[in-house]
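Asker: Each chain, written out:
Protein chains: 4
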Amino acid sequence: MYDVDRYLKSLDDGRVVYYKGMSVRNVADHPQLGTAVKHASLIYKWQHDEKYRDMLVYQDPEYGEISSFYKIPRKTEDLLDRFNLIYKTTRMGRGTFNIIQAIGSDAIFALLITAKEIDSRLGTTYFNRIEKFYRYVAENDLALAVAQTDMKGDRSLRPSEQSDPDMYVHIVKRSNDGIVVRGAKAHTTQGPVANEIIVIPTRAMTKDDADYAVAFAVPANAKGLKMISKPEKAVESANDDPWFIMGRENVETESITIFDDVFVPWDRVFLAGEWQYAGLLAVMFPTFHRFTAIAYRTGMADLLVGLGKLLAEFNGVDDKSHIRRDVVEIIKYKELLRSTGYLAAYESKADPATGIQIPDKVITNVGKLVANENYMDVIKHLVDVAGGLAATLPSSKDFENPDEMKYLSKYMMGKKGTDAVTRSRIISLTKEIISSFGALFSTAMIHAEGSIEASILELYRSYIYDGSKDLALYASGLKEKLDR
Amino acid sequence: MYDVDRYLKSLDDGRVVYYKGMSVRNVADHPQLGTAVKHASLIYKWQHDEKYRDMLVYQDPEYGEISSFYKIPRKTEDLLDRFNLIYKTTRMGRGTFNIIQAIGSDAIFALLITAKEIDSRLGTTYFNRIEKFYRYVAENDLALAVAQTDMKGDRSLRPSEQSDPDMYVHIVKRSNDGIVVRGAKAHTTQGPVANEIIVIPTRAMTKDDADYAVAFAVPANAKGLKMISKPEKAVESANDDPWFIMGRENVETESITIFDDVFVPWDRVFLAGEWQYAGLLAVMFPTFHRFTAIAYRTGMADLLVGLGKLLAEFNGVDDKSHIRRDVVEIIKYKELLRSTGYLAAYESKADPATGIQIPDKVITNVGKLVANENYMDVIKHLVDVAGGLAATLPSSKDFENPDEMKYLSKYMMGKKGTDAVTRSRIISLTKEIISSFGALFSTAMIHAEGSIEASILELYRSYIYDGSKDLALYASGLKEKLDR
Amino acid sequence: MYDVDRYLKSLDDGRVVYYKGMSVRNVADHPQLGTAVKHASLIYKWQHDEKYRDMLVYQDPEYGEISSFYKIPRKTEDLLDRFNLIYKTTRMGRGTFNIIQAIGSDAIFALLITAKEIDSRLGTTYFNRIEKFYRYVAENDLALAVAQTDMKGDRSLRPSEQSDPDMYVHIVKRSNDGIVVRGAKAHTTQGPVANEIIVIPTRAMTKDDADYAVAFAVPANAKGLKMISKPEKAVESANDDPWFIMGRENVETESITIFDDVFVPWDRVFLAGEWQYAGLLAVMFPTFHRFTAIAYRTGMADLLVGLGKLLAEFNGVDDKSHIRRDVVEIIKYKELLRSTGYLAAYESKADPATGIQIPDKVITNVGKLVANENYMDVIKHLVDVAGGLAATLPSSKDFENPDEMKYLSKYMMGKKGTDAVTRSRIISLTKEIISSFGALFSTAMIHAEGSIEASILELYRSYIYDGSKDLALYASGLKEKLDR
Amino acid sequence: MYDVDRYLKSLDDGRVVYYKGMSVRNVADHPQLGTAVKHASLIYKWQHDEKYRDMLVYQDPEYGEISSFYKIPRKTEDLLDRFNLIYKTTRMGRGTFNIIQAIGSDAIFALLITAKEIDSRLGTTYFNRIEKFYRYVAENDLALAVAQTDMKGDRSLRPSEQSDPDMYVHIVKRSNDGIVVRGAKAHTTQGPVANEIIVIPTRAMTKDDADYAVAFAVPANAKGLKMISKPEKAVESANDDPWFIMGRENVETESITIFDDVFVPWDRVFLAGEWQYAGLLAVMFPTFHRFTAIAYRTGMADLLVGLGKLLAEFNGVDDKSHIRRDVVEIIKYKELLRSTGYLAAYESKADPATGIQIPDKVITNVGKLVANENYMDVIKHLVDVAGGLAATLPSSKDFENPDEMKYLSKYMMGKKGTDAVTRSRIISLTKEIISSFGALFSTAMIHAEGSIEASILELYRSYIYDGSKDLALYASGLKEKLDR
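Protein chains in written order, with this note's numbering: chain A, 1 to 484; chain B, 1001 to 1484; chain C, 2001 to 2484; chain D, 3001 to 3484.
FYI, nobody ran anything at the bench for these hints, they're computed from the structure. The reader is advised that the hints may include incorrect statements.
As the list claims (entries may be wrong) - Quick list of the computed label-pair ranges, beta carbon to beta carbon:
| id | chain 1 | residue 1 | chain 2 | residue 2 | range |
| --- | --- | --- | --- | --- | --- |
| 1 | B | Q1276 | D | K3173 | 17 to 27 Å |
| 2 | D | G3014 | A | S409 | 17 to 27 Å |
| 3 | C | T2206 | B | K1051 | 51 to 61 Å |
| 4 | D | R3025 | A | S409 | 18 to 28 Å |
| 5 | B | R1155 | D | N3239 | 54 to 64 Å |
| 6 | A | M22 | D | D3013 | 39 to 49 Å |
| 7 | A | P31 | D | R3158 | 41 to 51 Å |
For glycine and all other residues, C-beta sits at the position ideal for the given N, C-alpha and C.
All chains, please: the whole structure from these sequences, using the hints.
Answerer: Structure follows, in structure tokens:
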């Protein structure tokens, strides 16, 4: 298995990454991207920490000691353990998800299931390829990113209808050795700090879109692969602010991931033109990944619960009816996420062909929808408790100047017995969540792992209405008895 | 065990019940209250139906064959079974809960736990009394009602502060044989058609309120006990409308239950002045009963899901984005209730003293709150799908007049291939839900088993914030490491 | 002008009306429809009441003394007066709108504007016809209904695409004398008690739908016209309940209005095939009618504000934070409606061709949307204040039985100093609003005058984005200066 | 009147301002606070710009040429003009309010009314003092800040109950020449760049709090006055980003404003111990200032409407039902604010004693509440339209590197015919609104000009329920006729 050092070294591989218009020589040393590396490396650190080792490391009968993230779920308990692994590591990351092995394993589980299905129908050999890739990843304890969302261009058009055919990643050449792919993917979380990039289609495809039905994996330093990182405001902001630990320690990066005619050898190709199965993959991956999302969002929500309660206490408004309501709305958010996450595990089923345990799709999407739709409202409640200082709090530097500190220690005190600096730091974190982290959290909570509309569509389509309709017909007197 | 006949006969016991200003001689024969009896009797009918027997009847090692409602939960599976028993019988009751053994068992479980606690602290013998009562109820398969909510008078005053001391039920006399109680309780569901009425306090009490800290059980025909039933619009409306099955078959009644100096012998008294424990009982009963509520509300929501989907299909709007959203909001409501109900069972814990399995209080209250706060919104979405005909639909009688039917069969058709009468009956049920059943459903969904504010208060108080605060302090940089 | 007697007599004209499967000989004498007549006749009563005469009667320079409802608005003040006329008569109708001259005048205003436009483009003579009709209506102070919403059949198909061509009202024959129309319209409010029925298209039409582009007026007793009234639960319920005044006095009826080959002479035809203008009419009428809707909904909301506050006071919860919030949500609803209604008047513009003052379309739709989307939430807040008794309140008959009244006068008391009967009657009205009136109010508030989606579509299309986009481009730095 | 130069020079007056722990010599030259100065100075620039002069400058019969902000409203039209002045200057400030004369005039109007009232009751001479101050301000065209919100300490305690008596600003000494005040105020917008600071109480006071009932004005360089500015993230962020114009041009600052025994001569003291009138002032100022707030928030909302629509168009999702809904929610927000703002002007009334026109308090608070409660939801809708790029958009610097631009110009294109850079800049502004501006906007929109709970309380208390209750009693049958 990796340790932190081996992971750091692995990143110095000539990959092409840009940050704010500059080419980045080594992401691990970079002043901003270095934070994304540091956050990812926590997984490797914890693997070697006695306190967390049991949770982070799994003794696989076949592969030996591997990361718990790479343990293939085969029963309800495995999914519950996976939920808690993600929930707890999110808490250990101060509320920031650690995606570096979670998303890759989500994709691998989905690819294993899909590959088995395609092979059984079409006589292909995808399962062996993805299994081999899985073995390589698990045994080497690699860091993975998944690139799914295409740039999309005009969203009202299908891939093959776009004026620029590259708006979705597609195969531009096939040869005996492999395929050549072109296009770009948006929002690749931790792409610039991963070892391997897994690519899967973003949607179901039609026959005309066959070249867009492509899934594969490439190393982050593959020729022709270029990643443009987003600017890391939270990190930049933290460098200036000793109070803002999260910004220095717990930020992930995201990139636009460009495939400028990247060659992929056949044993790394997991779908290549079988357009009928793009949809299956585009549903199976989100099922695993939205389950993951509910887990990390529960962890993130736990931070908001704690912040809300502390703010209420420090402000001396702990007993106000409207403040109770604010805090309870945050609790409700967290506990509804947890309820749906757990139930998705309890009602999971094993895929008959591979034995991989799949979280319940309906409950997973319900939880996902709750997470998306209510995050901004939760923040509204948090800000309501925090008060105006969430915007107007002085800088931590002001607390270092004795001339100012004379006043700040006096006037920043809240409820009797509280301490001005403690209160200010709690308010400060609230402020960062809605400013430095604002774009990331708001947008991610609304769009990551699929938009609100996507979850509505998925739920509407996949819900089994038979029992409900049976009841409605029975209650309407249109059926004599209940059949289901 | 009872069968339907024995149950019906048991009700002809001289009890004092009023309906619309008239004294009711026998509730079973009464044109409106008879429906409440018929609905309750379904439990006894199903107990003897081969199809449902396994679900409805439990072979208790000690008490022999008893109703599954009276099975004491001793592990997670028991609570899951209980959830499904309530969910399924609600569906079998066309979406209407069947409370007649559910609420009584909720109260008995709570009393057993509380009694054991009081006995262990104060050396009283309440546990034996309630256990004896339980044996009597279970062995005889009785129908029970629970009277908890006092009339309250001025809600800003405590029981002992009211200008009229009887606004909360209280002990007015104690003797060697027992106690005499006075006061009135509101909203006693199925009181007029129950065999026994269990009475418990509605809130925590102070020392000054000691006489109000009283719990007991009396037969429905106890001397001095008088019940004023609410008018049953849904039933009256159904008599006139062959389409409206629910109104004829599946309605429960509610009463104001008056204790005009009712004598209760000591072996039926389960709390009598130990004011410190009124609060425990007032929390323990809702924990069981809100769990029950989540189960029946899931069943009721299932009806709304089915109705919504059928309406969408019959109206030919199945593929409209805003209609999908409407239906998904109803699905979300149902599945969130189910998620919290199930998780409350999965995270239940056995009471150490009695071994009774208690649903998780936090999750139970989260589910309860979701049920309360969102019901009206769910109805908004249902009405949005139904369209204006939910108000302006002709009467079923119009469909019997051939002169009108000529037009109605033509013009009430929706999507091609649908049938005018089928569509109309589905709309008709929607209409009844928001009119004949309107006051009952709206109010019950918002207030039954405790108000929104009550759940907020309970959640705010009982949530364990330690882990969340620990995380917030850690993320704020105020703690070096996460302790929890 | 009419008085009550002349209006009542005018209804005994052989019109074909069905109620619950029975043919109705004279609507004025009918036990249920009679209430709709009584409510409508209030307009005529108030016209002759010194107290209200100034508000209800207008001295027109051309037509002499006419109903204020028929006064053509020609300036902002006229629309403000119209708003208040509707608001106040709604209050005088105990919160129930009095549509009988309001909707007809809305349609006439729209028809005058549209006719002028068509005439100017196509050389037709519609304006004279509708003006002549208007004179007839105004001078005779007639009662009008408007039938707009077609039965629609499969809502995903246009009129000419339906499997049954009659799903939308259309011209089946043209002759020298006039046209023959066939089809049916849903939800015709007060159709069975009106003198004339105005018919207008429900949507924009394409060339293929030309025969569906038809507008006209016919007397309620026209040959071939048949009306099927909805069952009047509120009225039936009131007959049994002395407390429920609204149900006996203030209910309107709605019908399915069937045109079974009804002949319309040319001078009553206001659109006949000019499909390009169906859309104009289908937008212009809602603009006037939604303005009307905002006014009556403000009146209805005023009732809910009063109820909410009284309930809070009688229950002794007037000072609770969550109750304040409940009441304020109702106030907010009312005052937002009033704000948009007034602003739609203040920002109205005169149609250049006719001089008729048109309420601002955007603000009108914003107000309409607020009214639709939030009604159920307002009811939730009302029920939260009312408490469980909104469902379980005894019947008024129970208050007449001395045996029961002994207890009810004692236990139904709320806050000290309040009276049990007064409190009960206030709760009783709340109950009727969510039960007898439930289907009507919920559905009407969500669907009447156009669905939520219809208002969203209209707003999205008709909003003038130029200034807003200019600002966004300027703020983005994409424009040097603000142009608008 | 001032021009930009005179204003800039006026700020170099030795005032004590801290920024991030450093003392600021001259705010106008300061890298971050300079932006707040530049934004404020726009008022002076526009006063001298032919295009805006008519709007910005008013010819007062008594004071000659003064700023339109300082024009005392004496009729409805004046308030409508004032609304539009604030709305338009907010748009001219790219959506950022320009508070520098608006808030000061709000305070002066409130002080004039309150002073007249106190004088008439107590024989004091406050009116002359505040009028003289007003003349000085208006004639010199000064820049003003208002400090109202005290630091508050433990919010559950009154000013005189705090463990530290200085938690609310109060009088510590009175002499023949004036008073000495001590304490601190939070959130003083533009305090560090104003000429004068007006101080008013934050709440009603009791007799025990008499020393806290104090209002006055001091120059920004008054001895003992110290201001700690909040860190300006938006400005810092903009320095690094050529695309982010708003951050460089249109940001205001806020300070904690400390009164360390500041002397105020009597002619600058407007309230000094008359505790009975603190409440009047604490209500009158918000009435004016919330009216101002509705105006600027309408301007800010206009930016969001434009952004939303442009994003929808550039992303090619302009015709999606859920996107229409998103945009319409933003439109609704803006138009509801405008409706309440305008109606508050239309229903304004002149104060009998001073003739100053006061916006309607109820409608003002309704508008305020809508603005507070719905802002986060509006942002949710904006982000839903924007898509994930609102978080993951590359930096403007990436668009300057030709190696990256090759890809970005290709892949950042949206709908056919749109341009990658234009689209990216629009997304970029969206991102800044939820990140650099995130804390400011979220918090201000929820808390500025009073919290949600404050508006609820004010509305609940001040609403005139008489008409509504009259209607509810009439509709309940408890009154024979409507009295109001």
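Asker: Determine for every hint whether it applies to the structure shown.
Answerer: Okay, the hints, checked on the actual structure:
1. B:Q1276 / D:K3173: 17 to 27 Å: Given a distance of about 54 Å, which is not inside 17 to 27 Å, the answer is violated.
2. D:G3014 / A:S409: 17 to 27 Å: For G3014 of chain D and S409 of chain A the Cβ distance comes to about 26 Å; the hint holds.
3. C:T2206 / B:K1051: 51 to 61 Å: holds (55 Å)
4. D:R3025 / A:S409: 18 to 28 Å: holds (25 Å)
5. B:R1155 / D:N3239: 54 to 64 Å: About 58 Å separates the Cβ atoms of R1155 of chain B and N3239 of chain D, which means 54 to 64 Å holds.
6. A:M22 / D:D3013: 39 to 49 Å: Cβ of M22 of chain A to Cβ of D3013 of chain D: about 43 Å, so the range 39 to 49 Å holds.
7. A:P31 / D:R3158: 41 to 51 Å: Holds - the Cβ-Cβ distance for P31 of chain A and R3158 of chain D, about 50 Å, lies within 41 to 51 Å.
Of the numbered hints listed earlier, the single one contradicted by the structure is hint 1.
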